[in-house]
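Visitor: All chains should be modelled from the sequences, with the hints used to inform the complete structure.
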Amino acid sequence: MDETLVAADGKNLRAVLCQRCGCRVLSAGTATLATRELLLPSMKKKSSLADESNPDCELLAEHWLVHDMFTFENVGFTKDVGNVKFLVCADCEVGPIGWHSLEEKSNFYVALQRVRHE
Amino acid sequence: MAKSYDHLFKLLLIGDSGVGKTCLIVRFSEDSFNNTYISTIGIDFKIRTTEIQGKKIKLQVWDTAGQERFKTITTAYYRGAMGIILVYDITDERSFENIQNWMKSIKENAAPGVERMLLGNKCDIESRRKVPKERGEKLAKDHGIRFFETSAKSSQNVDEAFNALATDILMQMSRRAAHGLKDPVDLKSSSKKGSNKCSVI
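As given, the protein sequences belong to chains A and B, one line each in that order. Going by the UniProt record's numbering, the first sequence opens with residue 1, and the numbers climb by one from there. Going by the UniProt record's numbering, the second sequence opens with residue 1, and the numbers climb by one from there.
It should be emphasised that the hints constitute simulated quantities derived from the structure, not laboratory data. Some hints could be false.
[Claimed, not checked] Subject to a maximum C-alpha distance of 27 Å in a straight line, what follows is the list of computed DSSO-like cross-link-like pairs (lysine-lysine):
id : chain 1 : residue 1 : chain 2 : residue 2
1  : B       : K56       : B       : K130
2  : B       : K10       : A       : K105
3  : B       : K3        : A       : K105
4  : B       : K56       : A       : K105
5  : B       : K104      : B       : K55
6  : B       : K104      : B       : K133
7  : B       : K55       : B       : K133
8  : B       : K10       : B       : K104
9  : A       : K11       : B       : K3
10 : A       : K105      : A       : K11
11 : B       : K130      : B       : K10
12 : B       : K141      : B       : K107
13 : A       : K44       : A       : K79
14 : B       : K133      : B       : K107
15 : B       : K56       : B       : K104
16 : B       : K133      : A       : K11
17 : B       : K138      : B       : K104
18 : B       : K130      : B       : K141
19 : A       : K11       : B       : K141
20 : A       : K79       : B       : K10
21 : B       : K104      : B       : K130
The structure presented is a predicted model; accordingly, all values stated were derived computationally and were not measured.
Guide: Structure (structure tokens):
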């Protein structure tokens, strides 16, 4: 965990950007660090050596959490996958970069490993 | 917590299936990222933030994702929409001709004062163009609305198009406020169950 990312109050010190195109997802100071294990499908292409039988998912634990979807500067929501909507970059649509459960109306998670910081 | 924005506008993207509305995004040549999974699920809506005349505007943009046809898009879909972006593919003549049908659908189903905009999507290479820019310009002029052609290479025109539409909505709001009129879209009453489409012409 990079210390320069989180303020003493748990807020993000730096803006959250798309890894690929740099589109601004969250402004600085708008989200709180949350630890929760969430399973997100991979957003990278499989390497030729990868085992095709393995589900291409990653368990991610560190997230930026916001409680109002309009806190996002730019973000896309996928259609429902079961009870979940995945979050993607609004410009290049790379993702999933985050996770939202329809059962938790006011929780929106963005995985730290799926974004970069300004 | 105080609201972090001044206005929230709900916008719709509509057009024929296959006009490549999802191509209204930044496109990348081969890289290590994989968009297959996301494009299979499909995007429901996007939130974008822009600033116009010193006001912070949140845009909630809904995409029909291409599977709907103008006959099946109903009042419910248009409910609450303050702006509609009509999209056609410049390489697909039929998608352009169908804009007239989409216009009709909007007239029948959307709120009367809704702002509209025409967008020619240049998803593909210029050599495959079937609809000259002038035809798009003329159609938009006939309907008294703005016209843009997007570029597949950058998101610049797309942002420009969204901002132009948001500006129009903002202007319309202040005009209405000046005349003491109600907003064209009444979110409270439109969310009532069983509210019917009504056209007061």
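Visitor: Indicate, hint by hint, whether the structure satisfies it.
Guide: Here's how the hints hold up against the structure:
{"no.": "1", "hint": "B:K56 x B:K130", "verdict": "violated (38 Å)"}
{"no.": "2", "hint": "B:K10 x A:K105", "verdict": "holds (19 Å)"}
{"no.": "3", "hint": "B:K3 x A:K105", "verdict": "holds (18 Å)"}
{"no.": "4", "hint": "B:K56 x A:K105", "verdict": "holds (24 Å)"}
{"no.": "5", "hint": "B:K104 x B:K55", "verdict": "violated (33 Å)"}
{"no.": "6", "hint": "B:K104 x B:K133", "verdict": "holds (22 Å)"}
{"no.": "7", "hint": "B:K55 x B:K133", "verdict": "violated (33 Å)"}
{"no.": "8", "hint": "B:K10 x B:K104", "verdict": "holds (20 Å)"}
{"no.": "9", "hint": "A:K11 x B:K3", "verdict": "holds (18 Å)"}
{"no.": "10", "hint": "A:K105 x A:K11", "verdict": "holds (21 Å)"}
{"no.": "11", "hint": "B:K130 x B:K10", "verdict": "violated (31 Å)"}
{"no.": "12", "hint": "B:K141 x B:K107", "verdict": "holds (17 Å)"}
{"no.": "13", "hint": "A:K44 x A:K79", "verdict": "holds (20 Å)"}
{"no.": "14", "hint": "B:K133 x B:K107", "verdict": "holds (25 Å)"}
{"no.": "15", "hint": "B:K56 x B:K104", "verdict": "violated (32 Å)"}
{"no.": "16", "hint": "B:K133 x A:K11", "verdict": "violated (48 Å)"}
{"no.": "17", "hint": "B:K138 x B:K104", "verdict": "holds (17 Å)"}
{"no.": "18", "hint": "B:K130 x B:K141", "verdict": "holds (20 Å)"}
{"no.": "19", "hint": "A:K11 x B:K141", "verdict": "violated (49 Å)"}
{"no.": "20", "hint": "A:K79 x B:K10", "verdict": "holds (17 Å)"}
{"no.": "21", "hint": "B:K104 x B:K130", "verdict": "holds (23 Å)"}
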